[in-house]
Amino acid sequence: MPAPEAAPAPAAPPPADLVNVQIDGVWLKFPKGTRMIEACKQAKKEVPHYCYHPKLSSPGNCRMCLVEMGMPPRPAPGQEPEKDEHGMPKIGWMPRPVIACANTVAEGMGIRTESTLTQEVRKGVMEFLLINHPLDCPICDQAGECRLQEFSVEHGKGESRFREEKVKKPKNVDIGPRVRLDDERCIMCSRCIRFTAEIADAPVLGFTERGSYTTLAVHPGKRLEHNYSLNTVDICPVGALTSNDFRFQQRVWFLTETNSICQGCGRGCNMETHARGDTIYRQTPRENNDVNSNWMCDRGRLDFHFVNSEFRLTDPMVKNQGKHEVTSWKKAIQAVANAAVGVKGEEIAIIASARMTNEELFFVKQLAKILGTENVDVIPRLGEGDNYLSAADKNPNSNGAKLILGSEPGSKLAGITELMSRGRLRVVLALGENLLKCGFERRDLEKIPSLVTLHILANASAELSQIVLPGNAYAEKRGSMINVTGRLQRMDRAVNAPGNARDTWEILRDLVVACGGSNGLHSIEDVFSRLAAEVPAFQGLSFAKIGDLGVPVLETDEKIPLLEREKERKAKGIIVG
Amino acid sequence: MAIITVQRPKLAWHEKAFISTLFKGLKITLSHALRTFLQIAGKKPKVTMEYPEQKWDDQLPDYYRGAPALVTDEHERERCVSCQLCEFICPPKAITITPGEIPSDDPWAKVEKRPKEFEIDMIRCIYCGMCEEVCPEQAIFLRKDYAITGLSRKEMVHDKKRLYEIGGQRVGLVNKWNELK
Numbered sequence: 001m002p003a004p005e006a007a008p009a010p011a012a013p014p015p016a017d018l019v020n021v022q023i024d025g026v027w028l029k030f031p032k033g034t035r036m037i038e039a040c041k042q043a044k045k046e047v048p049h050y051c052y053h054p055k056l057s058s059p060g061n062c063r064m065c066l067v068e069m070g071m072p073p074r075p076a077p078g079q080e081p082e083k084d085e086h087g088m089p090k091i092g093w094m095p096r097p098v099i100a101c102a103n104t105v106a107e108g109m110g111i112r113t114e115s116t117l118t119q120e121v122r123k124g125v126m127e128f129l130l131i132n133h134p135l136d137c138p139i140c141d142q143a144g145e146c147r148l149q150e151f152s153v154e155h156g157k158g159e160s161r162f163r164e165e166k167v168k169k170p171k172n173v174d175i176g177p178r179v180r181l182d183d184e185r186c187i188m189c190s191r192c193i194r195f196t197a198e199i200a201d202a203p204v205l206g207f208t209e210r211g212s213y214t215t216l217a218v219h220p221g222k223r224l225e226h227n228y229s230l231n232t233v234d235i236c237p238v239g240a241l242t243s244n245d246f247r248f249q250q251r252v253w254f255l256t257e258t259n260s261i262c263q264g265c266g267r268g269c270n271m272e273t274h275a276r277g278d279t280i281y282r283q284t285p286r287e288n289n290d291v292n293s294n295w296m297c298d299r300g301r302l303d304f305h306f307v308n309s310e311f312r313l314t315d316p317m318v319k320n321q322g323k324h325e326v327t328s329w330k331k332a333i334q335a336v337a338n339a340a341v342g343v344k345g346e347e348i349a350i351i352a353s354a355r356m357t358n359e360e361l362f363f364v365k366q367l368a369k370i371l372g373t374e375n376v377d378v379i380p381r382l383g384e385g386d387n388y389l390s391a392a393d394k395n396p397n398s399n400g401a402k403l404i405l406g407s408e409p410g411s412k413l414a415g416i417t418e419l420m421s422r423g424r425l426r427v428v429l430a431l432g433e434n435l436l437k438c439g440f441e442r443r444d445l446e447k448i449p450s451l452v453t454l455h456i457l458a459n460a461s462a463e464l465s466q467i468v469l470p471g472n473a474y475a476e477k478r479g480s481m482i483n484v485t486g487r488l489q490r491m492d493r494a495v496n497a498p499g500n501a502r503d504t505w506e507i508l509r510d511l512v513v514a515c516g517g518s519n520g521l522h523s524i525e526d527v528f529s530r531l532a533a534e535v536p537a538f539q540g541l542s543f544a545k546i547g548d549l550g551v552p553v554l555e556t557d558e559k560i561p562l563l564e565r566e567k568e569r570k571a572k573g574i575i576v577g
Numbered sequence: 001m002a003i004i005t006v007q008r009p010k011l012a013w014h015e016k017a018f019i020s021t022l023f024k025g026l027k028i029t030l031s032h033a034l035r036t037f038l039q040i041a042g043k044k045p046k047v048t049m050e051y052p053e054q055k056w057d058d059q060l061p062d063y064y065r066g067a068p069a070l071v072t073d074e075h076e077r078e079r080c081v082s083c084q085l086c087e088f089i090c091p092p093k094a095i096t097i098t099p100g101e102i103p104s105d106d107p108w109a110k111v112e113k114r115p116k117e118f119e120i121d122m123i124r125c126i127y128c129g130m131c132e133e134v135c136p137e138q139a140i141f142l143r144k145d146y147a148i149t150g151l152s153r154k155e156m157v158h159d160k161k162r163l164y165e166i167g168g169q170r171v172g173l174v175n176k177w178n179e180l181k
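Line order of the protein sequences matches chains A and B.
Here the first sequence is numbered in UniProt numbering, starting from 1 and rising by one per residue.
Here the second sequence is numbered in UniProt numbering, starting from 1 and rising by one per residue.
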């Protein structure tokens, strides 16, 4: 390896405009323009808040983040400013609190997040917020992750002094295909209104009525139905907006979150898979400011029900006299090897999937090498992207397939189809794809003497196959993928595969070994290390080094429209970002 | 450390030959025999009952912790809203709840949620009463049934129907979902 050229020393960054701020008695330095709430957060003094969200504008309407603030008084002409024991100007504390979310820090400012005044105002704000809030926590889906519950315990009075009738508002309102509204639970933080207006560009939500009768509603004739509507459910601090899909399915305290990557398109939105036992209940976006910010599309997040499907393949099967018979893994793998070994390379084709992880594709490549075939490709899936997050490439790992298999996805498909229709192929391995849905004709597939399908769901092409191998779905595997912006990301196992289904990479490894290869790879970490040694883009990386947020490995000119707009708004100071 | 020499007790000749100990034992045996004889003759009160023909049920205290069961309110509405707190708190994990939505044509549709299925595995249940204590809707109570038997493991799992049979109706408790709400 040639020694890296000595990079020119980067110009020293201009000294950041720092200001001295005292938070709960401790003097700290923050860049000018930092919001008080963010400064407190960095000082590990979390200020409770509802309406503030770093990715949205700050209207300052919930009043929960009120804190006691003070500035050094302006000295009279000729007067020396008074100094405290740290040598900093003495702070003149204001008699009234200020909101921490919309104000920025200034030189010499003092913030008290735990003083008597701050505690009293929080108690007061909590009492007002709870006046009309129904006590239906046992029913509410938000219970357990409700900010109102949390702050009521931390800062509330614990007892209601309200003896009058609570205001009645519409409950269980159908405002869109995926979101349900309960107006009594709404605390009028307006996060959902700002999300739909500022990020989704579909301003369909707004407040009607006044005072304690203020009601969240959709504009007349409109519905909350755009593809990003479920993000409003995530940012709703209470249970006013709930997901129809997750509604009453499971209490959140039973769910275990696992870091994963959305498989819906090439964007690879970071997400958390929430599961109880071996059942997935929901998926929520995970913050990654280089991929998806705090958001993800509804299509991607709801695309997990097939994992719990009753059509999952649970046992390896071999066709015997036209009927599939359950067999052992050893026999099934051996059956594939018997069919493929000894057959000429030109008579074998491997159709893999760009929905496979890099590690699985690595074994696909090895398998192709051992079988001596050039007919290896993945199925491209081009759809329509949108102006937010969704990418036009609907495969989550097209870049990985290109990098590892070494050819443009779909470039060899025409040749394989041609060979198949002429009946030249004796062995076809369909790995993770339903061939009948990918443009292959049934009459062509019927010509193949040995069709092997590795899939997770029972489908028509699995029915046609001589050998069926049940693999595992994305939520059941560990592995890495490269998204459309060239970022290598990792996903973890949230649930176990059903029945005798096995890890797809293990099946492929066993196939490689059965066909005469040998590799001694026993863990996904080992596989990635081997991959890192062979693929220049992965040099120096290990499975652990990918981290929760991924690392950029490829240069692409793909831009993320939503993030571009967020950067713009951040530069203008509208959002914190 | 001082060493204390312990003297062996000096035993009389009848003690050495176990003769007095033999009579001590006989005395105990005979006194029990006499007591039993007096009971049979009806001279002394009995201290045992002949279960299951005889039972002590009406003397069970109010706080007796028998089988947990679900109750309905005075409108025959099932109190349980399937918040699953009992499932969460249950130390032996005996409770399994499948939550469900109340259909909009139901008279209690405004309650929105109720259990689709509610199962308590009585082989697991330890009768601790945590479920009753944690219930925010006063829907689950430990009743006085203690003889929970079955011929199979499946029979020992009380489903929703059986739980309401055991529980019956409880009136006069806090009712959040009446007409006034």
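FYI, nobody ran anything at the bench for these hints, they're computed from the structure.
Ideal Cβ placement from N, Cα and C applies to all residues, glycine included.
Warning: the hint list may mix true and false statements.
To be verified - Distance windows between CB atoms, simulated:
#1 Pro170(A) to Ile126(B): 42 to 48 Å
#2 Lys572(A) to Pro91(B): 42 to 48 Å
#3 His522(A) to Ser152(B): 40 to 46 Å
#4 Gln169(B) to Glu154(A): 49 to 55 Å
#5 Glu555(A) to Arg124(B): 54 to 60 Å
#6 Gln138(B) to Arg96(A): 55 to 61 Å
#7 Glu154(A) to Gln138(B): 24 to 30 Å
#8 Ile123(B) to Trp253(A): 24 to 30 Å
Results of checking the hints against the structure:
{"no.": "1", "hint": "Pro170(A) to Ile126(B): 42 to 48 Å", "in the structure": "holds, 44 Å"}
{"no.": "2", "hint": "Lys572(A) to Pro91(B): 42 to 48 Å", "in the structure": "violated, 55 Å"}
{"no.": "3", "hint": "His522(A) to Ser152(B): 40 to 46 Å", "in the structure": "holds, 43 Å"}
{"no.": "4", "hint": "Gln169(B) to Glu154(A): 49 to 55 Å", "in the structure": "violated, 39 Å"}
{"no.": "5", "hint": "Glu555(A) to Arg124(B): 54 to 60 Å", "in the structure": "holds, 58 Å"}
{"no.": "6", "hint": "Gln138(B) to Arg96(A): 55 to 61 Å", "in the structure": "violated, 44 Å"}
{"no.": "7", "hint": "Glu154(A) to Gln138(B): 24 to 30 Å", "in the structure": "holds, 27 Å"}
{"no.": "8", "hint": "Ile123(B) to Trp253(A): 24 to 30 Å", "in the structure": "holds, 25 Å"}
Hints 2, 4, 6, counting from the list given before, are not met by this structure.
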